[in-house]
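K.L.:
Position chain B relative to chain A; hints supplied.
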Amino acid sequence: EAQVTQNPRYLITVTGKKLTVTCSQNMNHEYMSWYRQDPGLGLRQIYYSMNVEVTDKGDVPEGYKVSRKEKRNFPLILESPSPNQTSLYFCASSLGSGGAYSVDTQYFGPGTRLTVL
Amino acid sequence: AQKITQTQPGMFVQEKEAVTLDCTYDTSDPSYGLFWYKQPSSGEMIFLIYQGSYDQQNATEGRYSLNFQKARKSANLVISASQLGDSAMYFCAMRDFSASKIIFGSGTRLSIRP
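Top to bottom, those sequences are chains A and B.
So for the first sequence, our numbering puts the first residue at 1; every next one is plus one.
So for the second sequence, our numbering puts the first residue at 1; every next one is plus one.
Same shape as in the complex, but just chain A (with noise of 0.2 Å):
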């Protein structure tokens, strides 16, 4: 089955503590990002990649990291989380070599809901 996959899918942790939020596709999809949900703000982007080794940032990249060392694997990493960081974070994937004129569907993971004390 076609699909991307996150993990864990609920995270409690505490200011500071580093964590790591695993996000798989087995689509052989080029494109990979990262979004953060908050009420009100819709989904922005944190983190995207184009391919392996190639990553650029989002809207809100502060506080984030990110890699790309294999192309179905793209962790979003916290250093050192803190409470605004607090969130719904979808991680997507997508052929990537879409444009203007062919269809280019993101799909998404099921979420990880964080919350940082």
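This list has only true hints and no planted wrong ones.
Which stretches of chain B does chain A cover? Using the computed rule of at least three CB atoms under 8 Å from a CB of chain A, they are: (1) 44-55; (2) 104-113.
BS3-like mimics (lysine-lysine), calculated; alpha carbons at most 25 Å apart, straight line: (3) A:K69 to A:K57; (4) B:K3 to B:K101; (5) A:K71 to A:K57; (6) B:K73 to B:K101; (7) A:K17 to A:K57; (8) A:K57 to B:K3; (9) A:K57 to A:K18; (10) B:K70 to B:K3; (11) A:K69 to B:K101; (12) A:K65 to A:K18; (13) A:K65 to B:K101; (14) A:K57 to B:K101; (15) A:K71 to B:K101; (16) A:K71 to A:K18; (17) A:K18 to A:K69.
Calculated directly from the structure, the hints in this document are not laboratory data.
Ideal Cβ positions, reconstructed from N, Cα and C, are used throughout, including at glycine.
P.N.:
Same frame as chain A, now just chain B:
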């Protein structure tokens, strides 16, 4: 700079009626794609429909259609014959292909009344 605006934070619609969810966008890139996603109360993001900036015809997917007015920079989602299961948050999003970023609007919460 890119921007997506959804001006309707919430809407109530009677079952079986058609509903239009508004979305306006701003970009200087001629090559872009517009998406609509549905997020039910369970939280997952469900892709509904896509419109490329060069598509000549409005996209349609079953009961969903996208009313694409390029000159006005609007990409409204039309749901025909609404059902109770359509109650959800709906997000409009845009991908700017030169920047490769994707931005989302703030969403519209649609509630269908029986």
